[in-house]
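Protein chains: 2
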Amino acid sequence: MAEIAQVWKDINLSEHKQLARAISRVENNGQGYRKWLSGLNIDLKVPVIGITGPPGAGKSTLVNGLISYYTSQGSKVGVIAVDPTSPFNMGSLLGDRIRMSEHYNNPNVYIRSLATRGSLGGLSAKTIEITDVIKAASFDYIIIETVGVGQSEIEIAGIADTTVVVLVPEGGDEIQNLKSGIMEIADIFVVNKADRPGSDLFKANLIKMLHQKPTSAWDVPVVACVATEKKGIEALTQFIEAHHKSNHVNSKRPYLFAEKAYQLIQSARMKDIDKRELVEIIKMKLQEGEFNLYSFVEGLS
Amino acid sequence: MAEIAQVWKDINLSEHKQLARAISRVENNGQGYRKWLSGLNIDLKVPVIGITGPPGAGKSTLVNGLISYYTSQGSKVGVIAVDPTSPFNMGSLLGDRIRMSEHYNNPNVYIRSLATRGSLGGLSAKTIEITDVIKAASFDYIIIETVGVGQSEIEIAGIADTTVVVLVPEGGDEIQNLKSGIMEIADIFVVNKADRPGSDLFKANLIKMLHQKPTSAWDVPVVACVATEKKGIEALTQFIEAHHKSNHVNSKRPYLFAEKAYQLIQSARMKDIDKRELVEIIKMKLQEGEFNLYSFVEGLS
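Which chain is which? The protein sequence lines are L and V, in order. Per numbering that gives the first Met the number 0, the first sequence starts with residue 0, numbered consecutively. Per numbering that gives the first Met the number 0, the second sequence starts with residue 0, numbered consecutively.
Do not rely on the hints blindly, as some may be mistaken.
Any copy, or any two copies together, can satisfy a pair, since identical chains are not distinguished.
DSSO-like mimics (lysine-lysine), calculated; alpha carbons at most 30 angstroms apart, straight line [claimed, not checked]:
hint: 1; residue 1: Lys34; residue 2: Lys282
hint: 2; residue 1: Lys8; residue 2: Lys282
hint: 3; residue 1: Lys212; residue 2: Lys274
hint: 4; residue 1: Lys16; residue 2: Lys34
hint: 5; residue 1: Lys75; residue 2: Lys34
hint: 6; residue 1: Lys8; residue 2: Lys270
hint: 7; residue 1: Lys202; residue 2: Lys134
In short, the hints are calculated from the structure, not lab data. These numbers come from a predicted model, not from an experiment.
Go ahead and model the full structure; you've got the sequences and the hints to work with.
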């Protein structure tokens, strides 16, 4: 045990290399990592900004713009890029990441990719933990970018203080088909590629739809951007700032913590269950001709 | 305990009313339900057909067509309709359900709605259990219909023997934007509303895309339907039959069981954790000014 404790001692999180090593240890459930986490000094006031939206909406370009803006103001920015490992969009994602590479050598920027490995649930717990490690490393802003596939955009709303949903203008009707759940999680909407024809109508329809929602402590703004030309980025940062200072964030906090606690408890309680192992055991039992799902589950519950 | 056991005794699942009551008890975690489930005689050979796809694709009309076809052949059909309880599509879903109502009084048809109540994870476990109760009630086919929001379409692939993904023809380009994961889960594609212009091109593009996949034990067919006119339904049932008799289903079985076991174990292990309670406890702790997420989680892991 003494040796294990030593591994976690004297980690200087302000050194990128040591930060990266600590994150890897957390990612791989390195022995003692939970105890180490509970001893970290995590600053609640560091804004965590979630960026989500469908593939092709220009999220990475927007994140790029935010990094440029914040670093030009002298701030330090940590970025977590959540990569779904589907064969169908890996190519474009890699392209996106390369666009962010101009910042890789900036000492005030730390970028970390997190692969989801196709495992549902497991993503959240690790994202929560790694976000907190970066918080403890005294960054001024943390940005989590996730691709809106599966339920990742719902998950991000359970982690981020401010959730930014990025859309691109489509035919005016399509706004009715907005994926269920998206209206509820957005604190700020960005209409990106706002130089496209039909963009004004799209924005107007989105605002109309938002006005049909019951009023709440925070009026969800719609920001027009052309991320490739860094247009609208400063306006977006002002809305992020306003949201972070609003009562909305404070009232959200217990719900965010409850969501995070739930994910972490679930992950801890399920850590002994490996789906591939289950497959092998079940294959054997099926061959032997005796398999009762509910008796099997009872033995492991 | 004797009284509890009595509740589960002599349930005649072939009576719709008793079946409905048993399902409600399972849905509400009625005492002793897990034990009762493990004693059921569940026929592995009953085909479970999952129907998923985006809102507006005509899934309920297609299910309607399948019910008509199967009952006209003298078969008994059980249907589970999974309803996400989002305020944004409740209206249209209710409309869909009403379309199915012509079958409500048919003694060979049992239709059950399952509300997800916005809870992630919980859906799967209950859907798995209720599917098995209906299996034990000696139906010939079980259809699970789910709306493709969040991760429900991925979840259905972990429950159904045969997953049918319903799409509608869109511009030829849009097929590139098929939600990640959909290609992997589809055993059969239906192109519904196939009388629309551009439908042939859409279907051709889909087939082209399928051919880029590595070959497997099962060639995923693409069936053109006009569900409102019951066109293509019989062809669809033939493909479902062929899939159910293929080796593909047998080789999938251990993976399906592993997925089900995982969901059921998770649900059993998390049954004492209520998110609303977590919120209240965390609110109190935050007011007292002392909350450490990781120590809190450790106490509950």
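Structure versus earlier hints - violations, ascending order | 2, 7
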